[in-house]
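Student: Below are the chains, spelled out letter by letter.
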Amino acid sequence: METDSLIQIKGIREGLLISAEEGAWEERRTELLRLVKEKESFFKNARVCLEVGDTSLRVKSITQIIDQLSKYEMTLWAILSTSEMTNNNAKTLGLETSLPVKKENPEPNERIDDTGEKAVFVHKTLRAGYRVEAREHVIILGDVNPGAEIVSAGSIIVWGKLRGSAIAGMEGNPKAVVCALELRPTQLRIGEHVFPPFAKKGKTFPEEAYIENDECKIEIWNKEKER
Amino acid sequence: MAASVVTITSGKGGVGKTTTTANLAVALAEDGYKVVCIDGDIGLRNLDVVLGLENRIVYDLVDVVENRCRIRQAMIRDKRLEELYLIPAAQTRDKSAVSPSDMIRVCDELREEVDWILIDSPAGIERGFRNTIAPADMILVVTNPEVSAVRDADRIIGLVEAEEKGPIKLIINRVNPSLTKRGDMLTPEDVIELLAIELVGVIPDDENVVISTNRGQPVALDPKSKSGNAFKNIAKRMRGEIVPFTSIDDKGDFLSKVAGIFKQGGD
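Residue numbers (this note's numbering), protein chains in the order written: chain V, 234 to 460; chain S, 52 to 318.
Any given hint could turn out to be false.
Stated by the list, open to error - Below, simulated DMTMM-like cross-link-like pairs (lysine to aspartate or glutamate); rule was C-alpha separation at most 20 Å, straight line: (1) 408/V - 448/V; (2) 324/V - 214/S; (3) 436/V - 244/S.
Unchecked claim - Example chain V residues on the side facing chain S (calculated, C-beta under 10 Å, incomplete): (4) 293; (5) 296; (6) 300; (7) 322; (8) 325; (9) 326; (10) 358; (11) 362; (12) 379; (13) 380.
To be clear, the hints were calculated from the coordinates, so they are not data collected in a lab.
Note that CB positions come from ideal geometry on N, CA and C, so glycine has one too.
Start from the sequences and build out the full structure, keeping to the hints where you can.
Tutor: Now the structure itself:
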């Protein structure tokens, strides 16, 4: 609908996609709020995905825009950006950072050559409230604390302690596995299968969780083993 | 010297933020520093009660921010300690009465006049929390050895890290040696292992804290109090002094395991 040098708005399946990629952030924000105010009834109750280009936004700036939009009963649910800082901050605040990919795609893990598949690599400890969601495999170098969550269409590997929630093979990939140096998740799912609760105490080993003949299996990691 | 701004926060309510703020302020003021505490819990003020200054409030933080008074007029001087001041929160307003930039402005104005500015953060991760984090040079996260408090502390640490604020340091409050020994409570080691930030103090569970809080007499004023001394040690560590962490075991034995964990910086 509205076309403007700073702000473009279009309707998408998930609600409104508002693109504000150029110019100073403050100007874009002011302009957006002006547009919203002008057509308050149109924007009311809208679910908004905001595209900000390579702008680096602090948590403060993001919470500010969330608050301001909420005054018009609009919900900001996603921020699309090429800035890593913006993405991380958006995730910290529980926002999505990508639009959901259509489910028709049968191959969740694009092969990049004969031997490998794509993965998302996160080099930090995931604290409570942090969520990593990816269609690719997920590799965490760090701990996953209780209250943090990983969702992947593929496998999840944690080089650290996995104590939060992990959902692998979320679209029903039975070959997905979950490995961690210490496997003590709050909840573990592979596809449809929910693993029984894990003991909180006791000695731990690097372990691998997988599904075999529709059953949840956990094995101590052993590189000699061929499955 | 320009003051350091230290924000005391926790995520979860009731873990002892206000008590910690009051006692650290008393401990620093006793050592001759000029200290201002700011109650960041607008609408639910109680730092004034814990410090025993409730009946002397004329102006508050919102009055300063909205230019109804000068900052000096809102600073209530403590009766016991010359160099201890409180800027109370407004009781009749809410968190939106103050913005993060207001807090930065107020602290910048105070910086040249005092040595320490301690800000008592409200519970939660919303506006009030953001306000108190904005001006901070150092963040002290207070937690109890309970799963829910530690979970919230972890979330808070994540948010502070995302704001690129710090250093972030940890205070474990209300540790009960007999419960931890029976395995009915998380040990300080468990908490540190999960949160993975620097420890500056462990405060024993002490019913005198409740009594002194109700009387408006912080335990740090009592030289014989165990918890009061734990607060004094934190104040020393905040200034960069190296104070060995002693055990909080009832019988006074030194837990070697605890000493091992704490050797990088701790109690």
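Student: Indicate, hint by hint, whether the structure satisfies it.
Tutor: Okay, the hints, checked on the actual structure:
1. Between the alpha carbons of residue 408/V and residue 448/V the distance comes to roughly 12 Å, so the proposed pair stays at or under 20 Å and holds.
2. At roughly 13 Å between alpha-carbon atoms, residue 324/V and residue 214/S fall within 20 Å of each other, so this suggested pair holds.
3. Between residue 436/V and residue 244/S the CA atoms are separated by roughly 15 Å; this keeps the pair inside 20 Å, and the hint holds.
4. Interface hint status for residue 293/V: upheld, as the beta-carbon distance to the closest one in chain S is roughly 6 Å, under 10 Å.
5. Taking 10 Å as the C-beta contact cut-off toward chain S, the hint placing residue 296/V at the interface holds, the least distance being around 7 Å.
6. Contact between residue 300/V and chain S, as hinted, is supported at the beta carbon level, the nearest pair being about 8 Å apart and thus within 10 Å.
7. Interface hint status for residue 322/V: upheld, as the beta-carbon distance to the closest one in chain S is roughly 5 Å, under 10 Å.
8. Checking residue 325/V against chain S: minimum C-beta separation of about 5 Å stays under 10 Å; hint holds.
9. Interface hint status for residue 326/V: upheld, as the beta-carbon distance to the closest one in chain S is roughly 8 Å, under 10 Å.
10. Interface restraint check for residue 358/V: the shortest CB-CB distance to chain S comes to about 7 Å, inside 10 Å, so the restraint holds.
11. For residue 362/V, the interface hint holds, the least distance from its beta-carbon to any beta-carbon of chain S being 4 Å, beneath 10 Å.
12. Taking 10 Å as the C-beta cut-off, the interface hint given for residue 379/V holds, the closest approach to chain S being about 6 Å.
13. Annotation: residue 380/V was flagged as interfacial toward chain S, and the flag holds, the nearest CB pair being 5 Å apart, inside 10 Å.
When held up to the earlier numbered hints, the structure conflicts with none and fits them all.
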